[in-house]
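S.K.: Just so you know, the protein sequences line up as chains A and B, in that order. Counting with my numbering, you get residues 8 to 282 for the letters of the first sequence. Counting with my numbering, you get residues 1370 to 1658 for the letters of the second sequence.
In case anyone wonders, no lab produced these hints; they're calculated from the structure. Incorrect hints may have been included.
A partial selection of chain B residues facing chain A, derived with a Cβ cut-off under 10 angstroms [stated by the list, open to error]:
| # | residue |
| --- | --- |
| 1 | Leu1378 |
| 2 | Pro1383 |
| 3 | Ile1448 |
| 4 | Ile1452 |
| 5 | Gly1494 |
| 6 | Gly1503 |
| 7 | Val1506 |
| 8 | Gly1507 |
| 9 | Val1535 |
| 10 | Phe1568 |
| 11 | Leu1576 |
| 12 | Phe1606 |
| 13 | Ala1633 |
Everything numeric in this text was worked out from a predicted model, so none of it was measured. Where a beta carbon is used, it is the ideal one built from N, C-alpha and C, also for glycine.
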Amino acid sequence: MVRRTHWSLTGLRYVALSALLGIMVFPMLWMFRVAFLPAGSSLSGSDVLGGGLTLKNFSDLATDGTIVGALLNSAVVGLVVTAGNVLFCFMVGYALARHRTIANKVAFASCLLVLMIPAHVVVIPLYVMAIKSGWYDSYAALIIPWLVTPIGIFLVKQYIEGIPPSLEEAARIDGAGEMSILFRIVMPICKPVLVVLAIQVFVTNWNSFLYPFILTSRASLRTLPVALAMLQGHQAIDWPHLMAGSALAVVPVLVVFFVMQRHILSGIMAGGLKQ
Amino acid sequence: MKRQRLIALLLTSPWYVTFLLFWAFPLVFSFIISLTDYQLLSPDYAWVGFANYRALFSDPDFLHALKNTTIFVAGTIPITTIIALLMALLVHPPLKGRGFFRSGLFLPWITSLVVVALVFTNLYGRGGYVAALGQMVGLTPPENGFLYDNRTALYSIMAMDVWTSVGYYMLIFLAGLQAIPDELYEAAEVAGASRTRQFFSITLPLLRPVAVFVVVINSIKSFQVFIEIFVMTKWKFETATMVYFLYDTGLSNAFKFGYASAAAYVLFAIIALFSLVQLILLRRRGPVW
């Protein structure tokens, strides 16, 4: 049975959705506009609408190097953390789905426990541990604690539980080793969930602020969000340059989002993405 | 069989290491130092029992942060939940271009919160865009911008929080709406139930678990609000929240690890209690709306 909807109701929906979309997109458009304004513009209505259009803010950032260095840091840390999560969450998720030992039940319970723990509660002990272990101010502190995440394990486990184990059993009878079953047979089947996982981990890591901020002090180790927050720390804010740097932080995520939006939306609706 | 167990252990070892080193140990360690007067600059520390916890509740700064966090959570969560539900209802039924709207409405969530905070610092600023909008409808905006006025600063940040998160919760509600079987509506139609009646008798009751989930994860997030406060109102302590307080006492000026850890545990206890109550509400049958 098709439920008919009056045309005026559809029209109202479009009006409401367009208004909402405007509110959601406007601040981003504003950021991009200001990023191309000549430095020293007043940001008044006439400047924003009629003012100049320049790439100089971006070339200034490139010559200054701070923001570009931070961009590289974010990219390196993000890619390593993402690769680690794809590998380790896959291994752990597979083991939890297929080997139902008591130890694995404990491991899964600890995953669920960590999902419920507010991350900021352990900020002080992690800082003290980083200082004491000499990891403070190093890439290790930015990477190693986040190489495997409970939400990733959870996603992979749920996915593998939905696949019948017949393929793996057939391979085992044919004499295939456990490692080749894991990486040659199961991993390719899991590609959809691993893509969703990779996107979520990368975006979360790319945007994360508190831990990179407290675990490093050297300017050369700052990730992009930290560098941007530091740029703003002066009394007189240079908006065009700051917005140009912000645009650099947003564009990679936007690109990933537009290429992968189906995966991202379906991944979240399947019950994931914890930030 | 033994070999299988060994393989399972090997495969799960990355998680065991991470869990023990970066979650279990810090949690225990944090509790232990919350019972001491441990500080960065004095390596000798003494047991003080629960003195840190007692001191917190007579510390005006902490009570102020607790109050701000409560305002933040109590103010944003109902509004975010209701707007997200309405948005989900708007993008759920078939409509040309609804995928485009879903993506667009979700965009703020994936934007770096630092960037969002910077952009809104500009929009909320003196003579900024929001002030201009306010003047257009005849309101008088705060003289130095919304973030430098104690009457508006926290509420402005709360409005921004709603803006960044509604798109995400909209998607969760949407997943909930898609899980409701069509047959229910068909049966209701046959029985002659109106659209309004269908909404209140089918849609809302079946969305209850989703709504509880949304409120639980949003409150875990909102009790820990920090980035916005740090970036947008750095020079003012009027808007300090609990995580800002623990950053300020533990990691910024005083480096009082023991005292800050006690604050972290109070926050932990509040969040745990809050989640527990909500999960019990979820389990309980009967009308909640």
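S.K.: So, for every hint listed, does it hold in this structure?
M.R.: Status of each hint after checking the structure:
For Leu1378 (chain B), the interface hint holds, since its Cβ comes within 10 angstroms of a Cβ in chain A; the closest pair sits about 7 angstroms apart. Taking 10 angstroms as the C-beta cut-off, the interface hint given for Pro1383 (chain B) holds, the closest approach to chain A being about 4 angstroms. Contact between Ile1448 (chain B) and chain A, as hinted, is not supported at the beta carbon level, the nearest pair being about 14 angstroms apart and thus beyond 10 angstroms. Because the beta carbon of Ile1452 (chain B) sits about 9 angstroms from the nearest beta carbon in chain A, less than 10 angstroms, this interface hint is met.
Restraint check, Gly1494 (chain B) versus chain A: the minimum CB separation of about 9 angstroms is within 10 angstroms; hint holds. The interface hint given for Gly1503 (chain B) is broken, as the beta carbon of that residue sits about 14 angstroms from the closest beta carbon of chain A, more than 10 angstroms. Because the closest C-beta pair between Val1506 (chain B) and chain A is about 16 angstroms apart, greater than 10 angstroms, the hint is violated. The beta carbon of Gly1507 (chain B) is not positioned within 10 angstroms of any beta carbon in chain A (closest approach about 18 angstroms), and the interface hint is therefore violated.
A cut of 10 angstroms between beta carbons decides the hint on Val1535 (chain B): the least distance to chain A is about 8 angstroms, and the hint holds. With a cut of 10 angstroms, the hint placing Phe1568 (chain B) at the interface with chain A is violated, because the nearest CB-to-CB distance is about 13 angstroms. The restraint placing Leu1576 (chain B) at the interface with chain A is violated, with a minimum CB-CB distance near 14 angstroms, outside the 10 angstroms limit. Annotation: interface hint on Phe1606 (chain B) violated; nearest CB of chain A at approximately 17 angstroms, more than 10 angstroms.
Residue-level restraint check for Ala1633 (chain B) holds (minimum Cβ-Cβ distance to chain A is 5 angstroms; threshold 10 angstroms).
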